[in-house]
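Undergrad: Listed here are the chains, written in short residue letters.
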Amino acid sequence: MSQPETDIDLLISKVCSWVADRSEAQVTPDLDLLESGVLDSLGFVDLIRFIEEVTSLQVDLLDIEPEEFATIQGLCRFAMLKGSPV
Amino acid sequence: MSDTVIATYSDLAARYDEQRNLTSCWGQAADEALGEIHVSPDDRLVVDVGCGTGRALRALAAGAHEHTRFVGVEPAEGMRQLAASTTGPCRNVRIIDGRFEKLPFDRHSIDYLYSIFAFHWTTDLEASVGELSRVLKPDGAMDLFFIGRHNGREFIQATSRIFLRYLGAKGLLEASVMRKQLTLAEAEELFSARFDRSRLRIEEQRRTYFDTLDGHWGWWVRIEGQFVRIPPERRQACDAEVKAALSALNTDRAIPYTLHRLHVSVRHGE
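Residue numbers (the numbering used here), protein chains in the order written: chain A, 1 to 86; chain B, 1001 to 1270.
Watch out, some of these pointers could steer you wrong.
Stated by the list, open to error - Calculated pairs, DSS-like style, for lysine-lysine (alpha carbon to alpha carbon, straight line, at most 30 Å):
1. B:Lys1102 x B:Lys1137
2. B:Lys1170 x A:Lys14
3. B:Lys1180 x B:Lys1243
4. A:Lys82 x B:Lys1180
5. A:Lys82 x B:Lys1170
6. B:Lys1137 x B:Lys1243
7. B:Lys1180 x B:Lys1170
8. A:Lys82 x A:Lys14
9. B:Lys1180 x B:Lys1102
10. B:Lys1243 x A:Lys14
11. B:Lys1180 x B:Lys1137
12. B:Lys1243 x B:Lys1170
To be verified - What follows is a list of derived Cβ distance ranges for each label pair:
13. A:Ala25 x B:Leu1012: 35 to 41 Å
14. B:Ser1198 x A:Ala25: 18 to 24 Å
15. A:Ser56 x B:Pro1231: 31 to 37 Å
16. A:Glu52 x B:Glu1154: 51 to 57 Å
I should point out that these hints are in silico values taken from the structure, not numbers from a laboratory.
Virtual Cβ for every residue (Gly too), placed ideally from N, Cα, C.
Whole structure, please, built from the sequences with the hints as guidance.
TA: As structure tokens, this is what we get:
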């Protein structure tokens, strides 16, 4: 059963706020966080931890595409659709 | 230090003292840290944790009082062998196996402990700081130099997308957490829990070094452990992309790399 779109939108909004609190950059759901330098890989470790906490899902990044991973909207969709309940 | 990193350092030990690594920005930074290490004439036991090929030990032991014994601790066997060779002429130096997470010394036995750019490889921060406080004498001194959270920002931004494609997201994040990169605040919280605040000082330094691509590539051996999961048949292509990305950072002063260094010092007690 697929997740309601609104749950993903809610997560995207929360994550955008989380990133914005840690950056002076203009944060949008489609911003490439790595290429823009807004987050580095260690920042992503913290971000994944945050996503897992707010969703109560375990996110295994083994099969995520690079383009999905690097943007907030891609990462959130992957987490909601592929994450496993903790 | 993870087993992967230990094994990589062991395999690449012979390359570590190549001139291009020693003259690179990291080699310069290591020499600068060495210049801030001072062995007191009263120090009987001095320990270098993560001694690598033993260059710092040799330099310090040469000018030390005859009653000062030096011990180099190094988990990578290839490095230990080189360190033993480097310090062979020094009668007051021995090299042993060990790591921050479990230091092979009795409680309160060390007068002075130092470490140059090794602490960030620990796999367990709390355990390592606990070990440091356990083995250092109550009035002992310590100087730890290690990289901070914001190290190498220019290179990180330029290359993360490339490593994402070659390592995958999971591999990229696993590689990144191999090094414990603390902020100043995190380091203060960690060390002040175990060491006397009146003798503890933690400083951070950000220094930008400029060098050619070849010059920077000279220190790449120091981080090879983070890339072992790139399939060997794809490594050459990855390196080519990384080099192209770093070349694009070139300025009229050459390619910048900002080194974020943390220095934790504990001064001798009264």
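Undergrad: Does each hint hold? Answer for all of them.
TA: Each hint, compared with the structure:
{"no.": "1", "hint": "B:Lys1102 x B:Lys1137", "result": "16 Å, holds"}
{"no.": "2", "hint": "B:Lys1170 x A:Lys14", "result": "22 Å, holds"}
{"no.": "3", "hint": "B:Lys1180 x B:Lys1243", "result": "25 Å, holds"}
{"no.": "4", "hint": "A:Lys82 x B:Lys1180", "result": "29 Å, holds"}
{"no.": "5", "hint": "A:Lys82 x B:Lys1170", "result": "14 Å, holds"}
{"no.": "6", "hint": "B:Lys1137 x B:Lys1243", "result": "46 Å, violated"}
{"no.": "7", "hint": "B:Lys1180 x B:Lys1170", "result": "17 Å, holds"}
{"no.": "8", "hint": "A:Lys82 x A:Lys14", "result": "18 Å, holds"}
{"no.": "9", "hint": "B:Lys1180 x B:Lys1102", "result": "17 Å, holds"}
{"no.": "10", "hint": "B:Lys1243 x A:Lys14", "result": "36 Å, violated"}
{"no.": "11", "hint": "B:Lys1180 x B:Lys1137", "result": "26 Å, holds"}
{"no.": "12", "hint": "B:Lys1243 x B:Lys1170", "result": "23 Å, holds"}
{"no.": "13", "hint": "A:Ala25 x B:Leu1012: 35 to 41 Å", "result": "37 Å, holds"}
{"no.": "14", "hint": "B:Ser1198 x A:Ala25: 18 to 24 Å", "result": "41 Å, violated"}
{"no.": "15", "hint": "A:Ser56 x B:Pro1231: 31 to 37 Å", "result": "35 Å, holds"}
{"no.": "16", "hint": "A:Glu52 x B:Glu1154: 51 to 57 Å", "result": "30 Å, violated"}
In the structure shown, a violation is registered for the earlier hints numbered 6, 10, 14 and 16, in ascending order.
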